[in-house]
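Chemist: These protein sequence lines map, in sequence, to chains A and B.
Be aware that the first sequence starts at 1, since it is given in my numbering, and climbs by one per residue.
Be aware that the second sequence starts at 1001, since it is given in my numbering, and climbs by one per residue.
The set of hints was computed from the structure by calculation and includes no laboratory data.
Honestly, I wouldn't trust all of these hints.
[Said to hold, decoys possible] Just some of the chain A residues that point at chain B, by a computed CB distance under 8 Å: (1) 556; (2) 633; (3) 638; (4) 639; (5) 642; (6) 646.
Glycine residues also receive a C-beta, built at the ideal position from the N, C-alpha and C atoms.
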Amino acid sequence: MTMTDTLIAAGALNVSPAASPAASVMWLVIAVPLASAAVLLLAGRRSDKWGHILGVAAPTVSFLIAAWGLFDLLSRPANDRIQDFDLAWWLTNGIDLDFGLRVDQLSLTFVLLVTFVGTLIHVYSVAYMGHDPDRRRFFAYLNFFVAAMLLLVLANSYLVLFVGWEGVGLASYLLIGFWNQRIEYAVAAKKAFIANRIGDVGLLLAMMIMFSEFGTLRFGDVFAAIAGVASWDPGHATVICTSIGLALLLAACGKSAQFPLQSWLGDAMAGPTPVSALIHAATMVTAGVYLVVRSGPIFEQTPVARLVVLIVGAVTLLFGAIVGCAKDDMKKALAASTMSQIGYMMLAAGLGPVGAIFAIMHLVTHGFFKAGLFLGAGSVMHAMKDQVDMRRFGRLDKFMRLTWLTFMMGWLAILGVPPFAGFFSKDKIIEQAFVPPPDALWQAWVFGAVALLGAGLTAFYMSRLFFMVFHGQARWTDDQHPHESPPLMTGPMIVLAVGSVSLGLILTLAGFDDYLAPALVQAHHGEPVLNAYLIMALTFVLVLAGAGIAWLKFGRASAVVPELPPAADGLVRAARADLYQDEFNHYALVVPGQTLVAVTTKTDDAVVDGAVRGLAWVFQGLGGLLARIQTGFVRSYAAAMLAGAILLMAIVLAVWI
Amino acid sequence: MTVSAYLLLASVLFVIGTATVLLRRNSIIVFMGIELMLNAANLAFLAFSRMWGNLDGQLAAFFVMVVAAAEVVVGLAIIVSLFRTRRTVSVDDENLMRH
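Can you make the complete structure from the sequences, with help from the hints?
Modeler: Here it is as structure tokens:
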């Protein structure tokens, strides 16, 4: 890139005329937190005193710019809200690898979610990490994460998205291993990083196929090319679209902890709780859903890949819910719940454009209530000396009124109790799951049933968590003095609780689906196989049942919760062990890999090196044999010479005569 | 006298020289055996020269004598220096270059 290009990039001079003023400064949304992270990391200990202030200011500024961007976007006509523009370009032999942003309804929704929830969690972290000597470094990483996540969602091509994609993976790694002096936390960070790398291979594969087929990675051009797929050879088109779709899904599974790459998320709770709230609940783990929704035009062309998305979503939904029912570690139960809720989003994203709208809506509401739940969990841990075992909580509602109330809002929201936020997003997903695609009625029944069952399980495990922590008998360890957290922590929790209560209603009344629809593929509405109100009623009954069972077992005053996990049957034991996901990975992947390495090492040693060594051995032996002739006995040499001479003469004479 | 008598003598001398080289241990004697073989060859050269009536064989004999003289110088020098360092002139003891 030349100097001029740099200047143009910095000044954003080459923005296409279509971009509005707010959109054309949208790069600042990314640049501000990135610059803040750079300052905090480069200034080192010198910035310890004021680091957290800068750390909080950066996402706040980003949020304000994004809010301006939203007003700007809303002021434009509904069919002209997708603004695609380049900030810098690299032309190499005719391959255009532009760095550009796309400001549209979808990306702006994400930007607002990330910056708003991000800012709140930054504020919370000021207090939560108050006693940590490395708080400044923590804020630097958080800011870096925000910048990378914003780059991911604002990108206008898969290439730029990939940069952000890798950036959030790195931030996640750094933050999970933030307390890397504890070896198991460092291991958890590595586990997350490696699982993410496997997904990244999928994204790379998808990009390579796109580039070789379409010669471009820009969303606009790729989607335009994929729309013209009808004119291709049908067999070729199916192969290309399906392989791109499946590769993208692999990427989404890695980032969003979906089956079969889900095993890292539980261990990722090793990071500080604000990290779990921001990265491993509200934003980064939803990047996979974003990728699938953003790539909607591709999935639209490939029913096979879409069906796989549905299956992955459904399996993960149940997987997370089952694991969540048995976990005693509060954060790991919430992580399982996150996995399950993202399973809902993935399921919805696989249902097509209408489902995708509710996937994004659930993503937004989930971002609020799950962040709120995690912050609540952090507040409880703060009060209970970093205790996470729910069997040692109980009766905390009397001591932490604000935490209890805000947590309750999040709990009701995730249950989907009307009119809390989850009701408007999750119930819609369940309803959409019952809508049969053309000529596949069975799908509606299977996925609808799974979604319904998931709602019941969600109600059970979340209520179990809520009652075990805040109600029942106090089962604290000695020397516990629970107390309410400082206002810097409860403040963000209250804001998120307000969102958990009202966001669903606000988004529905404000017409979120009409707002988002133009950014997606044209939708064709279908009717569910059951009456929508019947589905709603069934969901509500299942939720009540789940919550009721949890109350009977853990909530009422006479309920006895053993302080150690009681003996249980096979399913509960399996769920406590994460359905043996680590064992499965160990025996299905690690052991074969190690065996392969051992075998190839042995083969190399025996065959390749063996051939070389054998050759050397043969010549050494031959040399040894020949060396025996060298007796050092001069007269034998003379005799040999004589014999040779006679032999030669005999030959000469024999030839001549 | 015919040529064959000379050749017979040359053969006898050569065989004696060869036997000396192969059977004797004293390097001086071995050396003498070599000289004897060379002179047997010289005799054969001269006999053939005479037989053909030209001087080629005599010329070859002169070459052999010159080379033999040079060889004697080098060979005796080696034998003397070996004797000085190892107090022996037996060829069977000279095995420093053995593998």
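Chemist: Give a verdict on every hint.
Modeler: So, going through the hints one by one against the coordinates:
1. 556: 97 Å, violated
2. 633: 6 Å, holds
3. 638: 5 Å, holds
4. 639: Holds, about 6 Å.
5. 642: 6 Å, holds
6. 646: Hint on residue 646 of chain A: violated, closest Cβ of chain B at ~10 Å, above 8 Å.
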